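Colleague: Order-wise, the sequence lines are chains D and L. Note that the numbering used here gives residue 58 to position 58 of the first sequence, counting from 1, and the numbers run on in steps of one. Note that the numbering used here gives residue 460 to position 221 of the second sequence, counting from 1, and the numbers run on in steps of one.
It should be emphasised that the hints constitute simulated quantities derived from the structure, not laboratory data. Treat each hint with caution, since some may be false.
[Unchecked claim] Residues of chain L placed beyond 12 Å of chain D at every Cβ, according to the derived structure:
{"#": "1", "residue": "P257"}
{"#": "2", "residue": "G329"}
{"#": "3", "residue": "P331"}
{"#": "4", "residue": "S425"}
{"#": "5", "residue": "A453"}
{"#": "6", "residue": "S533"}
{"#": "7", "residue": "T554"}
{"#": "8", "residue": "E566"}
{"#": "9", "residue": "G570"}
{"#": "10", "residue": "V675"}
{"#": "11", "residue": "L788"}
{"#": "12", "residue": "A827"}
{"#": "13", "residue": "I850"}
{"#": "14", "residue": "P857"}
[Said to hold, decoys possible] Label pairs and their calculated CB-CB ranges:
{"#": "15", "chain 1": "L", "residue 1": "T610", "chain 2": "D", "residue 2": "D172", "range": "38 to 44 Å"}
{"#": "16", "chain 1": "D", "residue 1": "E150", "chain 2": "L", "residue 2": "S431", "range": "57 to 63 Å"}
{"#": "17", "chain 1": "D", "residue 1": "G173", "chain 2": "L", "residue 2": "H731", "range": "58 to 64 Å"}
Just so you know, these numbers come straight off a predicted model, no measurement behind them. Quick reminder that beta carbons are idealized off the backbone N, C-alpha and C, glycines included.
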Amino acid sequence: MGKVRFVGHRDVARIVERALRRCGVPITYSEGFSPRVRMSFGLALPTCYESEAEYLDVPLSPDSIVDGQIACIGWGQGKLHNEQQMQIALSEALPTGFDVVALTVEPKGGGSLQETVVTCGWKFDILGAVAREVEDAIERALAGSEIETERKKKNELVRENIRYGVYDLRMDGESERGPIVIAELSAKPRVIRPSELVDVLAPGAEMGIARRTHQWIEHEGQWQEPLTPSKSPQLKEYS
Amino acid sequence: MTSLWPRLEPLLPRVEKPARYIGCEDGACTDIYKPDATSWLLTYPDTYEIGLPNQGLQILYELLNERPDAFAERSYAPWTDMEAQMRSNGLPLFSVDTHRPAEEFDILAFNLSAELVYTNVLNCIDLAGLAVRASQRGDADPLIGAGGHCAYNPEPLADFIDFFVMGDGEEVIAEITTTVGEWRKSGKPPGSRENVLRALTQIAGVYVPSMYEATYDGTKLVGVQPKHPDVPVSVQKRTVADLADWPYPRNQLVPLTEVVHDRLNVEIFRGCTRGCRFCQAGMITRPVRERPASQVREMVSKGLERTGYDEVSLTSLSTADFSNIEEVVTGTIDEPGTCGRVSVSLPSLRVDAFTVGVAAQVSRARRTGLTFAPEAGSWRMRQIINKLVTEEDLYEAVRSAYSQGWHRMKLYFLTGLPSEMDEDTLAIADLAENCVAIGQEYTKKASVTVSLGGFVPKPHTPFQWFGQNESAELRRKVELLRERLRRNKRVHLKWHAPEASTAEGITSRGDRRVGRVIEHVWRHGGTFQEWSEHFDLTLWEEAMRASELDIEWYVHRHRDENEVLPWDHIHAGLHKDFLWQDWQDALAGFGLEDCRWTPCYDCGACTEYGIEHVVASPVPPNGGSQGTGQDLAIGHVVPVDLRPRAEVGGT
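Using the sequences and the hints, build the whole thing.
Modeller: Structure, rendered in structure tokens:
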């Protein structure tokens, strides 16, 4: 959150990798001529978006869990961290704007946290739009069976009806930039982005700041979040 | 202080790579604002990705921020899309640390590491909201400074820059801070700008071009003379005597977005006396000052732990020459904190110092790219440029690498060197093919990339008198080599655009009149000239015509001994007659030893300033060919004649 929302997701992976190394997390590497750290982000967060719900799977080396604690290696050699201690250490090692709000060690063979994400929750504002008009547009969109959007795909304009993927859409007050919209949009078969809705809700307007608030997975017929935050996101001070 | 962030933020979604403009690096200083201190905006006139890793800028950034009477922030040239957004929204150049406007700083200091960035310097001054010509700036406007290797010929930028700094910046920035601080405290009243500039001329290593007048006789330069009696006739470079006193940067910046050299960089020595005659860096940074091996190890270890990087580059002008290179590489890889997963990259490897031992150590972790720079294909040519590495040296180094698991390497060559003939150019192909043949003894995948650059003569080198090849001639040589290598799929040829070498030639040895050319190119949209997608030679040709200057005269003409050179009033310690003698020796094919391991031949770099080499080992690593009295004739057509030292150089 904050200025770091302008960092692309490949760069975020590099940032996380450095933090894992600084904290001595017992990470594992791929085989081959140029081994890479094994870790997987689920749905890439678009550049310029904020998020308070990103998930990351990091396979640990098998012998690194001692009495339920993580035995650190490298720069953390000699330290034994429980989940909470590791969460704090990683948060501190990450740059301002990044925060680890939940961390859990899963047994080997446990599923990936994010492979079954079905929808994402979003919150975004629309620059300079008129609240009344946005509210009307939302009402019209939800009442109909079509929400026609346009997006660029390989330099081609693709028109698509995305009504199927809009699970929730409502206004939630206003920021200094414009009306705030809450949306829950499908992540399958593709991630629908809030920016696609802006032209529907306020033709010609620009999106302000968008934030992913949730990633919902389907587990035994129930929708739930992969992890429950153990603390609310702390935005470290920056000028 | 003003932050432009609220106005900048809405523009960022509209530009490529917005992370270039946010700052937020680990190691960045954002709480350093001191209302009564001298403020520096250290500006790199190229993109963030190129500029962020610059070690010189980072060292000064830290040193200034440690001072109670100064603080420094950083800025980089905005890419063209961002510039368009900034101009249409009335946003000036800003610092990435706190997003303050450039105009609020006392000093805008540019790092000049390549000549083709000069138009970007003008663009940045203009974006800051200042007049590009120094004479048109107001009393209270920030002072524009510049340093870096290109500052050694300051004349092409003389009309735009208020002061230049020659040589190492570590010490001189303190003196500049004090002088500018007094001006700041005075409230910068009308007329005071002239006074502060005059005061700056009294600091050794500082050149204030407006205090000097260039005179001409027709096209010929007569001289660059001080306008006032207290202004020094010549400006001497600054040199820090011992790198051990300067273990910087302590907190290397870790960017949030990928940049070039995205790893820990530790400078292991400064200066080089191998004496390659084309190499400006090797001439102007003498003598060799090694960092103690223990300090290198500490900087590497602390740096890796602090940053989380898994790669470290040991930087210098010729890394394999470091006295304790094998020990430092081994120690780094054995460092427990790295779990054996650290890659050590050794840029600027000299083939006669790269051993199987070093290769074996480096290959224990992830292998990094290997680049060797034989620079010329034939032994005759390497004698002329004084890069006295034999073919056997190269093949041994290549064998070391392939035997330790490398599949490919890069070989760097120059073309357009003095007295170069087609057989010298074609010899590059022979060398490359022989390297591949050695590689194929170890792996079927063996390949070599040949990177070919057009030679541009540089000030303060023995080749400063040489007329540069025309771009058509460079192009012909590239084609010659390309044709020769066309059928060989194992040798990949890459080359730099010869046209860019012409523009570089104009600016590299230009005089004060070339300022008009730079301004013309900039005013006609010629920014980012280092980038092939933006480079346009016709802009430079038009600018030369409009300024009534002749490319042939500036770039392709041989100079004679008595010609006044535009940088004659700037001193890197080197005696001009040493350089001339070395130029004559070059043409005669005489070699010159490396004085770090052999007695001094008085080039001037040490004797002028009362300093000397700081080198841990009295002998070259690997018993390299040069400077050891070995028979350099073995296996070669022309035996090298190492010139008796007494006859060389000196005044």
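Colleague: Of all the hints given earlier, name the ones this structure violates by number, lowest first.
Modeller: Of the numbered hints, 1, 15 do not hold.
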